Amino acid sequence: MNARTPISILLRNAPFFQVPRQRVQTSQGAVELPILYYDTSTLNAFFLVDKAKVEAVLKGTGLTPALTVGGKALVALACFEYRDTSVGVYNEVGLAAAVTRTGETLPLGGWRDLLATLRQPEERRVAFHILDLPVTTAAANAAGREIWGYPKFVTEIPFTLHGRHFDCAVKTPEGGTLMQLTGRMGPSFPTAPLSLTLLSLREGTMLRATVNVRGAAKMALPGTLKLSVPDHAQPMAQRLHALGLDGAEPFAVSWTHDFQSRLNEGVAV
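FYI, the numbering for the sequence shown is 5 to 273, going by our numbering.
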């Protein structure tokens, strides 16, 4: 490697990112799809939530909880620090429920489908439905809302991942705290990041999109990580409370400083 070649240029020129792209216009300017994420730190916290509570927040979407264990269903809180992307630098937090289409039955609660398609999101029936997706820039907000119908809003999202210590918050417009996930993770072991299938609603139409990912990741015990959600009228805070996540501790965590991804255009299903 040439010592003068910036790492960011090497990342951008990787074959993983050499894919056909098309331009889409948004209210904040043109966006080329897929969106490319060259250099990212991320932490994903996984919670098992009462299935009835997940069903309640999914009411009217045509979706039902998946990745279930007894009376519980999987909900994830994904925190991102995007240091280099094709839509600029920004942070993001996603609250998402594992789902499938209403009326679709999956063996073993959908776990077998997920495990059989870890690197093939195009073949997967289990998906994630994003409930809330705050971001830190207007460009990222417009792209997510207008192209995929993602429930984004713009606010401050401080993000710190140093060693085993993690601290991420979503701020209110007034500067208060809407939610905060903080603590020290337990022991970790190497794993691979999970490529995703996403189901969203844009103007009443169901869209299915995939996210291809790569990088080195670790799965960790939760340690002292805990989610706190102060009382607030903002919809994301209300949903977190409705899911019973104030004061909740994840059952597992995945994290990495070496994450790359492609967010592909959605198709109507």
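Worth flagging that the hints you see were computed from the coordinates, not collected in a lab.
Since the model is a prediction, treat every value here as computed from it, not as a measurement.
Each hint should be verified, as a subset may be incorrect.
Taking CB as the label site, the calculated pair distances span [claimed, not checked]: (1) G251 x Q26: 39 to 47 Å; (2) Q29 x H169: 38 to 46 Å; (3) P239 x L119: 15 to 23 Å; (4) R129 x D88: 44 to 52 Å; (5) A56 x R16: 40 to 48 Å; (6) G75 x R129: 17 to 25 Å.
Derived lysine-lysine pairs resembling PhoX-like cross-links, with alpha carbons at most 25 Å apart [as the list claims (entries may be wrong)]: (7) K230 x K76; (8) K76 x K63; (9) K230 x K175; (10) K76 x K57.
Ideal Cβ placement from N, Cα and C applies to all residues, glycine included.
Status of the hints after comparison with the structure:
| no. | hint | result |
| --- | --- | --- |
| 1 | G251 x Q26: 39 to 47 Å | holds (45 Å) |
| 2 | Q29 x H169: 38 to 46 Å | holds (41 Å) |
| 3 | P239 x L119: 15 to 23 Å | violated (33 Å) |
| 4 | R129 x D88: 44 to 52 Å | violated (33 Å) |
| 5 | A56 x R16: 40 to 48 Å | holds (46 Å) |
| 6 | G75 x R129: 17 to 25 Å | holds (22 Å) |
| 7 | K230 x K76 | holds (19 Å) |
| 8 | K76 x K63 | holds (17 Å) |
| 9 | K230 x K175 | holds (17 Å) |
| 10 | K76 x K57 | holds (9 Å) |
Consistency with the previously given hints fails for numbers 3 and 4, ordered from lowest to highest.
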